[in-house]
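Asks: Residue numbers (full-length UniProt numbering), protein chains in the order written: chain A, 1 to 702; chain B, 1 to 331; chain C, 1 to 204.
Example chain A residues on the side facing chain C (calculated, C-beta under 10 Å, incomplete):
#, residue
1, 11
2, 14
3, 32
4, 263
5, 633
6, 637
7, 663
Between beta-carbon pairs, the in silico distance windows are:
#, chain 1, residue 1, chain 2, residue 2, range
8, A, 409, C, 153, 41 to 47 Å
9, B, 155, A, 695, 24 to 30 Å
10, C, 153, B, 13, 32 to 38 Å
11, C, 162, A, 695, 27 to 33 Å
12, B, 61, C, 102, 46 to 52 Å
13, B, 135, C, 162, 46 to 52 Å
14, A, 420, B, 13, 50 to 56 Å
15, B, 142, A, 420, 32 to 38 Å
16, C, 153, A, 411, 46 to 52 Å
17, C, 33, A, 32, 17 to 23 Å
18, A, 695, B, 142, 19 to 25 Å
19, A, 125, C, 31, 58 to 64 Å
20, A, 699, B, 198, 33 to 39 Å
Worth flagging that the hints you see were computed from the coordinates, not collected in a lab. Glycine is no exception: its CB is placed at the ideal position from the N, C-alpha and C atoms.
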Amino acid sequence: MPPAPHPLSAPLLRREGREKVTGAARYAAEHTPPGCAYAWPVPAIVARGRITAVDTADALALPGVLAVLTHENAPRLAALEDPTLAVLQNDRVPHRGWYVALAVADSLETARAAAEAVRVAYDTAGYDVRLTAGHPGLYTPEEVNGGYPAVRERGDFDAAFAAAPVTVDATYTVPPLHNHPMEPHASTARWYDGHLTVHDTSQGSTRVRDDLAALFTLGKDEVTVVSEHVGGGFGCKGTPRPQVVLAAMAARFTGRPVKLVLPRRQMAAVVGHRAPTLQRVRLGAGTDGLITALAHEVATHTSTITEFTEQAAVPARIMYRSPHSRTTHRVVPLDIPTPSWMRAPGEAPGMYALESAVDELAVALGRDPVELRIRNEPETEPDSGRSFSSRHLTACLQAGAERFGWLPRDPRPALRREGDLLLGTGVAASTYPVYLAPATAEAHAAADGSYRIRINATDIGTGARTVLAQVAAAALGAPEDRVRIEIGDSDLPPAVLAGGSMGTGSWGWAVHKAATALVARLRAHQGPLPAQGIGTTADTGQETAAPSPYSRHAFGAQFAEVQVDTVTGEVRVRRLLGVFAAGRILNSRTARSQFIGGMTMGLGMALTEGSGLDPAFGDFTECDLASYHVPASADVPAVEAHWLDEDDPHLNPMGSKGIGEIGIVGTAAAVANAVWHATGVRLRDLPLTPDKVLPRLPVRPH
Amino acid sequence: MKQFGYVRAGSVAEAVRIAGEEPDARFLGGGTNLVDLMKLGVATPRLLVDVSRLPLDRIEELPDGGLRIGATVRNSVLAADPAVRDRYPVLSQALLSGASGQLRNTATTGGNLLQRTRCAYFQDAAKPCNKRAPGTGCPAREGAHRDLAVLGHSEHCVATQPSDMAVALAALDATVHLHGPDGERSVPATDFHRLPGDRPEQDTEIRRGELITAVELPPARPGGNSRYRKARDRASFAFALVSVAAVLDVHEGAVRHAALAYGGLAHRPWRARAAEAVLHGASATEDTFARAADAELAAARPLRENGFKVALARNLTVGVLAGLAGSAARA
Amino acid sequence: METSNPPAGSGDVPRSAVTGARSEVILRVNGTTYTLAVDHRSTLLDVLRERLDLIGAKKGCDHGQCGACTVLVDGWRANSCLLLAVAQDGRHVTTVEGLSDGQRLHPLQEAFVERDALQCGYCTPGQICSALGVLREAADGHPSHVTPYDADPGGTVDLTADEIRERMSGNLCRCGAYPRIVEAVADAGDRIRDGRPGDTGAGS
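Assemble the whole structure, with the sequences as input and the hints as a guide.
Replies: Okay, here's the thing in structure tokens:
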């Protein structure tokens with residue numbers, strides 16, 4: 001391969017930056033075809049039951065109303081695996097907020113008024129929305145999210161734990177969390193000559209295209225889904241959500257293009273959430289600091305219509321030496337909205353609990369928590385015995401400690417005071433698995449010396465266009481600015497969604513393969529290129545299907561300094577610093593942004609974000625952005641992200657591991673551990689808001 | 001949202017006249033809360049009378065040394081006013097601790113006083129709420145009420161008043177001026193907001209058709225200093241869990257004057273008269289401040305999940321008063 | 001189509017204005033004057049996006065809780081989702097589309113690109129419009145929650161990182177670009193200190 005003029009890792013500016021700062025970038029709801037109508041959904045206001053009557057007369061009487069779709073008149077859909085897409089198909093209400101009707105009108109204002117005028121009568125039934133550790137409905141599923149087994153046992157945990165001289169036994173809780181990307185779920189759909197075209201906000205429009213084709217019994221070539229710019233997703237746009245189905249239905253029903261943007265307040269009920277977890281962690285160790293017994297037992301909830309089990313105990317299978325280990329998940333179906341993916345499902349809540357428990361163990365042992373982690377580094381993956389393709393957790397911890405100024409550190413809590421503030425520092429480890437999925441890509445060389453790469457990748461804010469151009473340029477040996485990138489359209493060669501931190505690795509592999517093949521063809525070509533240029537296609541189905549003999553994970557270390565106001569119980573982060581080892585970093589500028597972004601979401605998980613299900617009504621009580629506190633700028637102080645150069649030949653041609661999610665993993669534990677160090681109070685129930693912190697602080701003298 | 005009429009009033013008299021002719025008329029100021037509530041289906045006016053361009057946008061010095069703040073003065077303008085910053089810092093601080101820069105640029109003085117509660121049940125038109133739909137019940141008593149009242153609530157309503165500005169005005173003994181169909185009148189800021197009792201639908205003492213035209217501040221006490229402090233879930237852009245507005249005048253170690261008001265504890269800014277009685281004439285020590293807080297908070301009746309507010313209010317009281325006493329001692 | 005009222009306000013109020021549901025308004029957006037009949041229910045945000053195809057201002061929450069819809073009205077940053085369009089008659093509105101001078105980006109836009117102060121980009125136009133307001137407010141001496149109590153009421157506020165964080169807190173960013181947004185706002189503030197910030201945008 002010729003030397004790349006723009007080597008990988010260069011801090012190139014993101015390609016769509018100019019469009020985004022000038023307002024030119026169009027998102028899903030920013031296409032208004034001639035004759036476009038507007039839809040507004042009607043959510044169920046009972047937690048469980050059946051619709052007995054729908055009165056649409058008042059709604060239909062409003063001037064400008066085109067239709068009200070209900071389960072009685074909506075187009076029939078073919079059954080799909082995901083029951084959350086079976087909207088307006090029957091009279092069943094599985095949870096409050098489930099859509100029961102859709103008003104369509106010639107203006108947004110009229111659509112909303114019509115939706116408010118729809119009257120729905122219900123037969124209600126008893127319901128249960130409360131997850132408790134002793135819930136009689138808890139069961140052990142076959143597998144948990146990600147396809148992992150729900151239960152793993154090694155050795156004899158009970159005996160080893162009983163015999164351990166030093167133990168920790170603690171239960172941690174994470175409340176329901178909401179993704180809340182800034183762009184609400186939105187779709188603009190139109191049918192033309194039997195072809196359905198949708199602008200949808202999605203992390204992967206190939207899957208949306210496939211599901212729409214199946215739902216409406218169409219050929220895949222009869223559906224086009226465009227997701228050119230996507231205003232964040234964090235998992236909740238990973239697969240199609242109801243809005244795209246509703247928009248397509250309404251467009252077919254009315255014969256007009258239809259635009260549908262979900263109201264923010266309705267999102268919590270229909271786009272998925274991070275399921276709450278009750279996590280008991282038990283650690284047993286020798287006085288030498290070596291962990292002998294590790295149990296991580298998780299209880300969580302799912303909805304009554306589909307099973308989704310947050311895999312919070314899975315990271316405990318790879319993190320530390322643990323000759324005797326038990327990791328289990330139990331789940332209970334409740335009358336609640338269906339949970340789904342939120343940034344680092346499994347790892348984010350699971351590592352909060354595990355890394356908090358490790359901190360408690362360090363305290364119990366009187367050992368430095370950095371040193372304790374290094375001491376318990378496993379030789380091979382504890383669960384499988386496989387070798388790690390690369391694992392540099394120790395180096396991350398050491399580099400992070402150095403940069404953060406971890407030492408010297410007085411491990412005793414509640415000693416550092418600044419006026420009314422107590423100060424403390426905390427550390428936690430991060431990890432995230434390497435996933436790869438098949439993708440196809442086309443590479444094309446034009447007669448004028450320019451190149452074009454086509455692949456249905458999605459840019460949800462990662463800078464996918466930019467990094468794929470770098471991958472292509474490196475493989476082509478061409479200047480990066482000679483490479484055009486086409487992504488975000490299901491008519492392009494199919495590729496996996498932007499999720500699971502696998503987008504860049506999976507797409508990049510296909511792009512690299514196509515570009516490499518193109519180089520070979522160009523070398524073989526004699527004379528000038530034909531007018532139509534020369535193209536190649538690549539498919540990584542075979543490469544990605546082959547199981548790796550290695551355990552492949554990114555690792556990291558997070559350090560936090562916090563202040564706790566003893567007057568108010570307010571906790572604020574002063575500094576966050578993360579060091580990550582995630583293979584080769586392909587664009588240092590955009591990568592840094594992603595790491596920092598993940599850490600910021602982790603800060604929110606630690607301190608501000610939490611939702612709850614209202615037992616009286618069955619819905620989320622924190623349903624808007626005034627009550628569900630996404631961190632604001634004032635909450636986010638100096639956040640630094642660093643990484644180690646990691647050379648791992650067992651990944652993909654770029655040597656990259658994926659960086660979208662690891663930044664959130666471990667942050668909450670680092671913050672909570674720092675709160676312990678500041679106050680001497682161990683809080684195990686996120687988020688750490690004043691109502692929880694203040695009552696646990698020592699009573700002030702006055 | 002149903003269709004509604006809109007008219008821009010050219011004068012206070014015209015605004016009041018037009019509103020008087022339409023029972024479901026509402027005045028539109030900045031609209032930051034009203035438009036929000038209309039989108040939620042909580043407010044359903046048939047007519048909006050736009051008063052945002054009435055000539056009520058001035059801050060004027062009064063002959064007695066007080067300040068008259070027009071009802072359409074924007075929150076950010078009021079917070080930045082040199083006279084307010086100099087003589088009534090508690091008011092500037094309260095305003096700046098509320099909402100966001102954008103909202104403060106839009107919200108008016110009059111509208112800020114009329115903000116409605118952020119109780120989740122009040123905001124959801126599909127649920128019972130005695131404040132929004134009298135007689136339907138109060139699910140908050142047993143439901144989600146961490147943010148709600150610990151003082152002065154009733155079996156009918158446990159909502160809190162969300163304005164920060166109103167808390168400062170209560171501590172400053174401000175006066176609210178109203179113009180209605182029956183003419184002009186004024187109401188002390190401390191009495192402007194009500195307790196819920198058995199009429200929680202009525203947030204304030206304002207009468208049908210009355211328009212807030214101005215808020216007057218009495219002369220600032222010479223030697224008095226004032227401060228606002230707010231505890232919240234997020235470092236910015238969040239409603240108060242508890243806030244305290246305090247005016248303190250300490251002379252030779254003793255409290256000569258103290259005015260104290262709480263936000264986040266009740267259906268109205270809670271003027272702490274019992275605490276003030278303890279403070280008056282007492283030595284300006286943390287012990288006194290704690291006793292004062294305890295005297296006031298003895299009446300607290302926390303709900304299942306908001307008991308933390310009592311300790312929080314006590315701590316804030318001591319902290320703010322000690323801070324004021326300390327800066328007085330340094331001055 | 002319903003008939004709309006003539007511009008509301010000023011002088012005797014016609015009875016039709018009280019009963020009608022639409023009115024004619026004049027909006028001056030980025031220097032262009034539009035005369036529109038608007039549904040009284042329409043917000044400025046929806047008129048910009050759905051009627052004028054000015055999609056720079058974003059709808060994130062529609063309730064003034066996220067700041068994605070921030071524009072400048074008569075030079076003041078405001079949440080356009082809470083402004084009824086009918087009430088903005090005659091106002092000058094600046095959206096992100098009005099900031100760049102043809103091919104030349106506004107210093108704030110340049111700084112956002114260079115600092116990579118964005119990821120998904122959905123909050124970005126609101127952040128930039130808000131930042132423009134912040135620069136002006138600081139230059140005018142408007143205090144914030146973190147401005148020292150004893151700061152000179154007449155003086156310009158020095159935009160420290162803490163000041164920028166507090167003042168930009170009405171613009172949520174879920175991608176977590178805050179640290180870089182703070183850097184970008186500081187950069188832009190430095191670059192345009194010589195001129196009067198806030199006047200760069202057209203129409204305000």
